[in-house]
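Enquirer: Chain by chain, the residues:
Protein chains: 4
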Amino acid sequence: MKVIKDSVHDHIQVDGVARDLIDTPELQRLRRISQLGTVSLVYPSANHTRFEHSLGVYHLACKALEQLGVDGRQAKRVQAAALLHDVGHGPFSHNLESLTHRRTGRYHDDVHDLLTDGAVGTVLEDHGLEPERIADLIAGEGRFGQLVSGELDVDRMDYLVRDAHHTGVPYGTIDHGRLVRELTFVDGELVLGEGNVQSAESLLVARALMNPTVYSHSVARISKAMLRRGAEQLLESTDIDAHTLQRMDDADLLVALRSAEETAEFSRRLDHRDLFKRAVWAEIDDVPGGIIEADHGSIREFEKEIGAEAGVGPDDVILDVPRRPKMTESSSRVVVNGDIRRLEQQSPLVEALRTAQYSQWRLGVYSPPELLERVGRAAVDVLDLDIDGALVREVRNGLDTTLDQFTE
Amino acid sequence: MKVIKDSVHDHIQVDGVARDLIDTPELQRLRRISQLGTVSLVYPSANHTRFEHSLGVYHLACKALEQLGVDGRQAKRVQAAALLHDVGHGPFSHNLESLTHRRTGRYHDDVHDLLTDGAVGTVLEDHGLEPERIADLIAGEGRFGQLVSGELDVDRMDYLVRDAHHTGVPYGTIDHGRLVRELTFVDGELVLGEGNVQSAESLLVARALMNPTVYSHSVARISKAMLRRGAEQLLESTDIDAHTLQRMDDADLLVALRSAEETAEFSRRLDHRDLFKRAVWAEIDDVPGGIIEADHGSIREFEKEIGAEAGVGPDDVILDVPRRPKMTESSSRVVVNGDIRRLEQQSPLVEALRTAQYSQWRLGVYSPPELLERVGRAAVDVLDLDIDGALVREVRNGLDTTLDQFTE
Amino acid sequence: MKVIKDSVHDHIQVDGVARDLIDTPELQRLRRISQLGTVSLVYPSANHTRFEHSLGVYHLACKALEQLGVDGRQAKRVQAAALLHDVGHGPFSHNLESLTHRRTGRYHDDVHDLLTDGAVGTVLEDHGLEPERIADLIAGEGRFGQLVSGELDVDRMDYLVRDAHHTGVPYGTIDHGRLVRELTFVDGELVLGEGNVQSAESLLVARALMNPTVYSHSVARISKAMLRRGAEQLLESTDIDAHTLQRMDDADLLVALRSAEETAEFSRRLDHRDLFKRAVWAEIDDVPGGIIEADHGSIREFEKEIGAEAGVGPDDVILDVPRRPKMTESSSRVVVNGDIRRLEQQSPLVEALRTAQYSQWRLGVYSPPELLERVGRAAVDVLDLDIDGALVREVRNGLDTTLDQFTE
Amino acid sequence: MKVIKDSVHDHIQVDGVARDLIDTPELQRLRRISQLGTVSLVYPSANHTRFEHSLGVYHLACKALEQLGVDGRQAKRVQAAALLHDVGHGPFSHNLESLTHRRTGRYHDDVHDLLTDGAVGTVLEDHGLEPERIADLIAGEGRFGQLVSGELDVDRMDYLVRDAHHTGVPYGTIDHGRLVRELTFVDGELVLGEGNVQSAESLLVARALMNPTVYSHSVARISKAMLRRGAEQLLESTDIDAHTLQRMDDADLLVALRSAEETAEFSRRLDHRDLFKRAVWAEIDDVPGGIIEADHGSIREFEKEIGAEAGVGPDDVILDVPRRPKMTESSSRVVVNGDIRRLEQQSPLVEALRTAQYSQWRLGVYSPPELLERVGRAAVDVLDLDIDGALVREVRNGLDTTLDQFTE
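Residue numbers (our numbering), protein chains in the order written: chain C, 1 to 408; chain G, 409 to 816; chain E, 817 to 1224; chain X, 1225 to 1632.
Next comes chain C alone, as it looks inside the complex (with noise of 0.2 Å):
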């Protein structure tokens, strides 16, 4: 048995396939993604890497499985997914994903080759685990895939907790060990026993705070979609294609965006801080629908468009329209009075925090700040933005909710 000292957890002890499954190149890169991606220009002790994530969540699970009575083979699946759940990640995390995935296809497919092929295929086979069965437990599937990815889900409580720890920020600091504790299985679906109402409810409302304060500050977007665009410029000028891209760490897309001359300058802005500004910050229901339904293409449509009104480069103009915000822990489901209820059925707090979370949405273009007066006068025309010149500077002037003091 191994044991790993971790700042979260302590003392992670690692045994069986984990054991073997932690020797591999395949998880070994994960200590060199990092888990926040460009939220670390926004918090700089933001570091902590999908790795060291990866061993809390395998801590978690394994806490949950003893808890629940299960073991053999069956929790053996379990450890294993635990720890591979992020395998397939790209570099600085989620920060590609809507890049790569459209480029790659399915994710799933992507991580069911990382489970068959090379070292982690080996280990498994050797501790006869089936790839797919791990792969569909990663995509949440089944019984026990609830635990791995859904809506009480051990991926969820490692990261609020670690990265409440390493930005500093302490709304993620939820009590993990009292709701492993209270999990259990009833008619096949994983529940918060009798009396959690609240602390299912601490869960929704830990990330519902984390989420405008970190995950996403207005900087760490602004430099996402930077970063995003030099990525998509290395594919589009390079001979690196996607696949390559999303098997890269961090290290290898930084000194990779530093190296071709098309995305140099970008590069530069990022390694320097120098960052884009926001031209427009506009809430939703000042945007038309079918912006906010755009596809990829469309979008870059939409900023050439913007850059040739304003009359400036085509890369001085970031459009960035975030999905519609969802919440998961909405369906999270407790045991009240006997009874299975989802927590959208017992919480007056999903709806309201459903609300405060659409009320936090926001398009933004981002450009140079030089440029910031230009295209923010064009993108409010091109986009048919339903906000005058005025409140474009205003908004640009700091007046948010989101919580922007922090070096922009």
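For the record, the hints were derived by calculation from the structure and aren't laboratory data.
Since the model is a prediction, treat every value here as computed from it, not as a measurement.
Among the clues, some could well be false.
Result set (PhoX-like, lysine-lysine): computed pairs, CA atoms no more than 25 Å apart in a straight line [to be verified]:
#1 C:LYS76 to E:LYS818
#2 E:LYS879 to C:LYS2
#3 G:LYS734 to X:LYS1226
#4 E:LYS892 to C:LYS63
#5 E:LYS892 to E:LYS818
#6 G:LYS471 to X:LYS1300
#7 E:LYS1093 to C:LYS63
#8 C:LYS2 to X:LYS1287
#9 G:LYS734 to G:LYS712
#10 X:LYS1501 to G:LYS471
#11 G:LYS471 to G:LYS484
#12 G:LYS632 to E:LYS818
#13 E:LYS1093 to G:LYS410
#14 G:LYS484 to X:LYS1501
#15 C:LYS63 to E:LYS818
#16 E:LYS818 to G:LYS685
#17 X:LYS1300 to X:LYS1287
Example chain E residues on the side facing chain G (calculated, C-beta under 8 Å, incomplete) [stated by the list, open to error]:
#18 PRO841
#19 SER856
#20 SER861
#21 PRO1184
Taking beta-carbon pairs under 10 Å as the criterion, some of the chain G residues facing chain X (in silico) [claimed, not checked]:
#22 VAL411
#23 LYS413
#24 ASP418
#25 HIS419
#26 ASP583
#27 GLY585
#28 ARG586
#29 ARG589
We treat Cβ as the ideally placed atom computed from N, Cα and C, and that holds for glycine.
Given the coordinates of chain C, assemble chains G, E and X onto it according to the supplied hints.
Expert: Below, chains G, E and X alone, put in the same frame as chain C:
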């Protein structure tokens, strides 16, 4: 200057009037008043006192004053008020409030005496501070009263974090550093500056989650009700009067309860944690309005009536009707796009938490474990509750949304 | 199974005999015995109790037993002993030990009675556990006694971390997870496995740094000496005997001190933190050997003599001669290159810390602030100390290597 | 004023020259230099960077300056020096120091260039600060240089706490609040005021315990030696020169190692954590003096000779001879009874820790696992070590006083 080490704020610098106040018997007495009273019967580590809390509130007040650019006489007043804000607390803090305030008249007058007479009065006079103005600040009056006792007061910021630290329940871990830093005065009102809707929400949410888990945990409520009943009998059967009771510390009250024949049994139960249990635990919608509004005398009558119907002794029934829940933080003010808005105007969370809080409101009837059945049935009958005997039993078996797995 | 939330170890599972023991009056009484006695007059947050500490020791014992592969009857014995190890403590924990042990005879006998009689005896009998064997474990006898009371016991591991958490002084923050994990039995001796010299040193160092900073802080020593003197007068002037005193909780003693005329003044001073100060604070090398070895009676004689020479009252002088420092951890055993070695054979730190500890050893003479000059001079004379009046004065002004800036 | 959230110090206020310096490419580059280099291969959470550490040092410097009553130009200089003290660090921080300093000449000159040229130079000039004086402060020269780089510097205070936070090893958790608060100047020397012998000792002890556990963990040393060897080959076989290497960030170096044919295998081993192991791990007393003093060239010769004798390739042997341990903190100054004393004059711990440190000093010979036997025997022979083949094998099997259970 004196420096005091604190488990929450690390080093607290104490200076000027604060330094002199700390050495008064009135403030030293707070070392022997527990912060959370009977909550320690649920969370064994929760033995912190009003003294360390008062130092913490003083510490945050100093930070806030510095942030607000307030100094001189006004700052000294606020510092004194912060340090003295709990000086009038009786034994076990809020546990006996309803009892002693009813008997001693307005709490405010009592605090005023404490600020005028004795060592505290002398110190204030020596520093040229007027007791009346300190009392007003403690009562939350005036521009600076908001800082000591208001929606955004430093009292709340200290106790949430401190209670989380000492119970081990993480929900209260707010970002007090940020909150204090964002305080500002606009048109005489204490508000959080632009970009702090989530900060204000986090304060609200922290208390909403600490409430059922800690402050109103059913076992804490039961033991508090037993303590209150004991104290009441003390007033009735000994020569201790309400004013004397109010000036006791925890040790005085514990020993007084042990010494009087009439209260020895309650005392034994509390000392041995051999507590009453819930005979009834009714939702507010099942309780006739008259009972919710009942005054102390009527409640005593109900208890006697239930006892008589159940055929049990007068001390075997406690009826616990908590006051209708309120939510002070809902009127916190935040600057949003340049306007001051009350949090309830801005955040959908306020209404949701109000609803949640209302749904957690419970009327309790408590009795010795062996009498639960009889007392429960009698209580449903006497109080005309809209529940039947079966539900009473179920409720007693723990079907409840509060976190009751601990130690009842 | 019961789960108890703890501020240090998070969740503590309580089961079997432990669950029943917790509900006994003897263990519940520990809720009202402070862990560090008068140390809270220096560190205001240090209000934790013997109850939570006992739970913590039980928790670490369970972890250690699991690690050591011990279960069945033997494990139950150790768990019971861990939970009960402080059940004989009198009010204010160690503060009055020298007083009550002197009067009640061997502490061991007293613990034996507590384990045989009353509710604890019944629980042990119900679980088929022999009081004698539990008492032996508590006394550190036998193979498993080392785990409860020895150089590497779980008692020490809990209190260092807990005292650090509650005082805010970080020195006690050892890695108890690692220590427990590395425990092993070799030839019947409890040792730390290969590669743990630093782990063992860290335990030693933690206590060496906590000692002058926390446990033997001069203000804690002064107030402890005052409390002891008060308790002694209680025994002399009231009908309270040593056995009764030993069974009191903190509240009983505080109120008893307030109630007796002879102790009212000491009580007032302690309640108001209006403490004696150091008239003399002498290094051991300046103290004649006879005084260091003096028994209780002789010390009382010296006090009277000093009082007489100084022309002050009999209660105005306290002579505080702490026992010669020892260092239990020095004989911790660690496996080094396959051999078991005592830490002192292996680590040069042991001898250095012993020297340091010896150099911190101080004899104190305390008196009311206004009498310091007279009492100091008289004490130097009567005790034949090798210091002159000037040094006495200097010492009183804080020229000292202990951490005295706090609150004397 | 800018406020930055930090996981260790919570909120860090950045103002004036510091605010401008932070935005320079030179300082932003530190975001991509890990604080502990290859230590993250032992402690997976240790991914913090020189950037956040630099902010922390700046923060503590501000606190110290305030405490010391220093402001104006002198304070600005110290603040700039604190923020810039690591600006010259190469990739993986100290890991390659010996390599690059040997090649680029004096580190001091290099730092001087960084402070004079480029964006940093411009900022300093704009604020009227002289690069030479900042460089002197960074080199620890002059009265205030002691604060930036000396026995009691804020650099050490930050890194101990930060490394503890991120590795999870608690030994570094010193009381930096107290240390900073007790700093004072006496006769131009930076000292800790009266009553701080233990404070000074705690700093010394913290580093003494962190050293073998973290900084010099054998696996960290092995991987650091591999990295250094890889970098050296890069210098020899590509057109990268030492100055270019020194200016790289971690990503640049990782990718450069992957790209060059000669270093690809070392790179693969580091990326996959497929590390060399210890063929020899010899105590200093078993090593001839000549080897301990050997310069870089001789060490290379020894490696080749061992390789030849063992019949293995030139890249299969690494000889790792760490410099003789020193203990800067031993000369910390503390006021004791009114005199300034060096800690080593006052505390027996200094000598003991020096002895302990010396006894932990180890010479290592590393090779691929399958060659350990041959390389070990050859090394004993070539280096004329005073150990036999059996001991070499034992040592490899973990008989060691360092904490090696983690992940070799």
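Enquirer: Now tell me if each hint is right for this structure.
Expert: We went through each hint and held it up to the structure:
| no. | hint | in the structure |
| --- | --- | --- |
| 1 | C:LYS76 to E:LYS818 | violated, 29 Å |
| 2 | E:LYS879 to C:LYS2 | holds, 17 Å |
| 3 | G:LYS734 to X:LYS1226 | violated, 37 Å |
| 4 | E:LYS892 to C:LYS63 | holds, 24 Å |
| 5 | E:LYS892 to E:LYS818 | holds, 16 Å |
| 6 | G:LYS471 to X:LYS1300 | holds, 24 Å |
| 7 | E:LYS1093 to C:LYS63 | violated, 53 Å |
| 8 | C:LYS2 to X:LYS1287 | violated, 42 Å |
| 9 | G:LYS734 to G:LYS712 | violated, 29 Å |
| 10 | X:LYS1501 to G:LYS471 | violated, 53 Å |
| 11 | G:LYS471 to G:LYS484 | holds, 13 Å |
| 12 | G:LYS632 to E:LYS818 | holds, 22 Å |
| 13 | E:LYS1093 to G:LYS410 | holds, 17 Å |
| 14 | G:LYS484 to X:LYS1501 | violated, 65 Å |
| 15 | C:LYS63 to E:LYS818 | holds, 17 Å |
| 16 | E:LYS818 to G:LYS685 | holds, 17 Å |
| 17 | X:LYS1300 to X:LYS1287 | holds, 13 Å |
| 18 | PRO841 | holds, 4 Å |
| 19 | SER856 | holds, 7 Å |
| 20 | SER861 | holds, 4 Å |
| 21 | PRO1184 | violated, 15 Å |
| 22 | VAL411 | holds, 7 Å |
| 23 | LYS413 | holds, 8 Å |
| 24 | ASP418 | holds, 5 Å |
| 25 | HIS419 | holds, 5 Å |
| 26 | ASP583 | holds, 8 Å |
| 27 | GLY585 | holds, 5 Å |
| 28 | ARG586 | holds, 7 Å |
| 29 | ARG589 | holds, 7 Å |
Hint compliance for this structure: hints 1, 3, 7, 8, 9, 10, 14 and 21 are not met, and every other hint is.
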